[in-house]
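Novice: In case you want the letters, here they are:
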Amino acid sequence: MAAKKIGVYICHCGVNIAATVDIEELKRFAATLPRVKSVQNYMYVCSDPGQELIRKDIKEKGLNRIVVAACSPRMHEPTFRNVLKSAGLNPYCLEITNIREQCSWVHHDRHTATEKAKGLLAASVAKAALLEPLEEHEVGVTPTAMVIGGGIAGIQAALDIADTGFKVYLVEKEASIGGHMMQLDKTFPTLDCSACILTPKMADVKNHPNIELLAYSEVIEVKGFVGNFKVTVKKKPRYVIESICNACGQCSPYCPIEIDDAFNERLAKTKALYIPFPQAIPATYVIDPQSCRYLRDKSCRQCEQVCKELQAINLDQKEELVELDIGTIIVATGFDIFDPRQKPELGYGKYENVITGLEFERLVSASGPNQGDIKINGKKPKDVVFVQCVGSRDQTVGNEYCSRVCCMYTAKHAHLVREKLPDAHITIFYIDIRAFGKGFEQFYDRVRGERVYYRRGNVSEIYKKGDKLMVRAEDTLMGKAVEVAADLVVLAVGMEPSKSAKELGKILKLSNSPDKFFLEAHPKLRPVDTGSDGVFLAGCCQGPKDIPDTVAQASAAAAKAVIPLAHGTVKTEAMVSVVQAEACRGCGFCVEACPYAAITLEEKKVRGKKKIVATVNEVLCKSCGACAASCLSGAIQQKSFTDEQILSMIAVIGKKY
Amino acid sequence: MEETYERACYIERLGLFGCIQCGKCTAGCPLNYLTPFNIRKMVYDVLNSSGEDIASEKHEIWQCTTCSTCSSRCPKQIEPRDVIINLRSILVEDGNIPPQIRDVLKSITINYNPWRLGKEQRAEWCKGLELKDASEADLLYYVGCTPAFDPRLQKVAQAVVKALRKAKVDFGTLGVEEVCCGSEIRRLGDIWSFDALREANTEIFNGYDNIKQIVTTSPHCYNTFKNEYPGLKPEVMHYTQFVSSLIDRGQLVLAKDYRKKVTYHDPCFLGKQNKIYEEPRNILRSVPGIEFVEFDRNRESSLCCEGGGGRMWIEIEDVKERLANIRVRDARDMGVDIIAVACPFCLLTLEDAVKSNDLEGKVQVMDIMEIVAKTLT
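Chains as they are written, first to last, in the numbering used here: chain A, 1 to 657; chain B, 1 to 377.
Calculated from the structure, these hints are not laboratory results.
Remember, it's a predicted structure, so these values are computed and weren't measured experimentally.
Glycine residues also receive a C-beta, built at the ideal position from the N, C-alpha and C atoms.
Warning: the hint list may mix true and false statements.
As the list claims (entries may be wrong) - Part of the chain A face toward chain B, derived, beta carbon under 10 Å: (1) Lys350; (2) Asn353; (3) Arg393; (4) Gly457; (5) Asn458; (6) Glu474.
Next comes chain A alone, as it looks inside the complex (with noise of 0.2 Å):
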């Protein structure tokens, strides 16, 4: 073994570091630690100037262990794995020192935060004196992606997947995909008709030869790891065969059973036997099984009469688990809206004449229950006040972040209000205005321009007075309290995930946003990558957005997502457990104590002996550690986390300096 060269690289990362930590005495501390051969700073050792300085030392001084005094490991531990690889080192002859998160940006005082430092210097120069060069092995990738959702997010990201060439799944909790999109009547701010850019791309999804949509589904199971996923997927009982339905709809007014139609925002009844809107895709109706007479009490078969003769009615079809091997996978479940009856001050439930903003999106489309008259009770409203920012930006609901939306959805809605009724006096009461998008001031300029009042303040309470509505807030720039009589009141309730992804974010060991949302792997440079490797999100599942940005972030998820599909083989953890058979119990505590069912207790022959071993598969273990943390006789070993590396880190770690 050739004696142990170490270089030490001390980032300033421009003030991050260096206006806490004193990097001259860091560099001066690293010289005299044992088998340090170069110490060097650099404003930002991330950078190519930076990478350059331990490539050249490299070579020059023949140094074989590399420790770089930075940020965390998380941020930048692979670039400086790809300098040694391509300085011909081993990568793993790499240690890296978080003199950043946990150092300079937790401390103030300059001289303790720099002793602090050079205690973390010491554990890493120990450690990298003891570090082994790995080998990383390679697997083959599945070339098959799935995406879960099928709003626009999941449409567009499915799309683009199947373009590459590669096949993709579909999947869609619902009867149809669309999601909510398929609901707006016109976007903001170009005032295209929601449907008239959807429904195209819906029958793209239909019509593609890569493309397989599994609608009325959901996934309740994912196994294995990135380029090997073997995901079920149950599919719901829709009733109607699907293969066989010519959504012809003769069979649905033979249905007894009315119920409230979801995609109308139940402002208007549909039938137990259904399809969700004209366009759906899948073009198949569906049978709801809560309300369906036959399916409740068995004491009505009038669909099948109708449908005698194709026999697209199944009654006693059954769900259905398919197992589908996957490399990839792209989250996007969308949102739900905020349940505005959280806010009882503002009366909805309470008022008929208070509705949500996606119930007018129903109220004033042409395909929606009243052809896109604005009619409340049959009559128009003189009086439209809508009211922003309600369950957003609101800690007393939990939901301290802006929707993003609201403000240019309900700039849209007053828009639309004075296209139908010309004369209406139109209100709208707002804490900030948020039109930061491409067009987004223009547009808010020009409804304003539309005798739209904009009064600023938070409305504080709606409540009945003869036939009308009074609408209280304080107008702030007035700095009184004012009332405005309604005849309708729209409020601009905000986005929350989806209450159905949070299951979903368990199967695949997602994490959440203290907003609730779906975390991704880093907010600035990894926005559609997650935790867990080969699985990627796209939509408002990540936050919320409009649909510019949801596309956007889409086709950027399908690009990644496509990266180990095209690439075909995908790299394992280096850092592997491995266990000494000789030391190991058989105990199975690293068996439970493994969250990726990477161990198995196997019989093996170890010296001459048949015993049960706790056995590692390696393309399963993610080199979290816990085995090793869990084994009582020190058996299980993680590789660069050694017993014995981790011991050399304490030794030095205390001491004074």
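Given chain A, put chain B in place with the hints provided.
Specialist: Chain B alone, transformed into the frame defined by chain A:
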């Protein structure tokens, strides 16, 4: 502006930098229906100038009823109500307070009640009832100052006793040893006297090992014991919670018919501040023969009666209307016989409004317990 340590502390404690000046507080403020009182602007002024100057300039700080509609609705969860209490504290500390408030504060510290009556008269209301002493019972009925001293409210306390006895509840009282809970004195800004009362009461309550529960007549006492008395051992309940559970368990049977049309006025300290909305309604709905109807403005949207925050002793000037007037006229328009209340202050303010609106004999104000007592055999 001078950035004193004290100023920095209370601005931090009240979270005033979090205010986005949205005005939800002002528009929901019941006072703002009657006067230009603007709590949003007050928060802004306190943040941007010295509290001492504002306290002495803004006489309207005595108008606040501390109903807490502002705090409950604030989307940034700052406490505008506490800004007012803080300003009042500054004036109390300087002795710069209106004479009627000074008298109330003085009475509480001398008589342990705000009504300027001798503490020896505190048990007059239960003369002849032969109530158990607190040391002999599982449950303490904490009567409160107003029900103990006010002749109208004494009837409510007596009704509570009647119901508890009917349900065979093992309860006692503190008699003349009962001490004011301090809710009003704290809201009038005398946080120092409040601390003394809190210590005294905590010592009394925790001193009885036998007492497991305390039931109060007033939501104001309930609120302060529940939320402002850390370390209190017995469980605290408002009588509506306790009686509602007695009815649910079948321990108290409301037997006699009471054929009246009744609405219920939510007290702010029970509803908005402690989210107790269902229990009072459950009691009323259990009354045989009753027709129960809701005010349009109910629960979270209920209108304050203007009785809290020390307002029982403060007349505000130049105001013709009262919220209690709006309330009783709404009740008249609804055609109800009775406005049921569950708070001594609501009872007094609404009854006053019935008189001043010439509605005597048309609309009656009754405590829920008075209705309950009428249905007991």
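Novice: None of the hints should be skipped; say for each whether it holds.
Specialist: Comparing the hints with the structure gives:
| no. | hint | verdict |
| --- | --- | --- |
| 1 | Lys350 | 9 Å, holds |
| 2 | Asn353 | 14 Å, violated |
| 3 | Arg393 | 6 Å, holds |
| 4 | Gly457 | 4 Å, holds |
| 5 | Asn458 | 4 Å, holds |
| 6 | Glu474 | 3 Å, holds |
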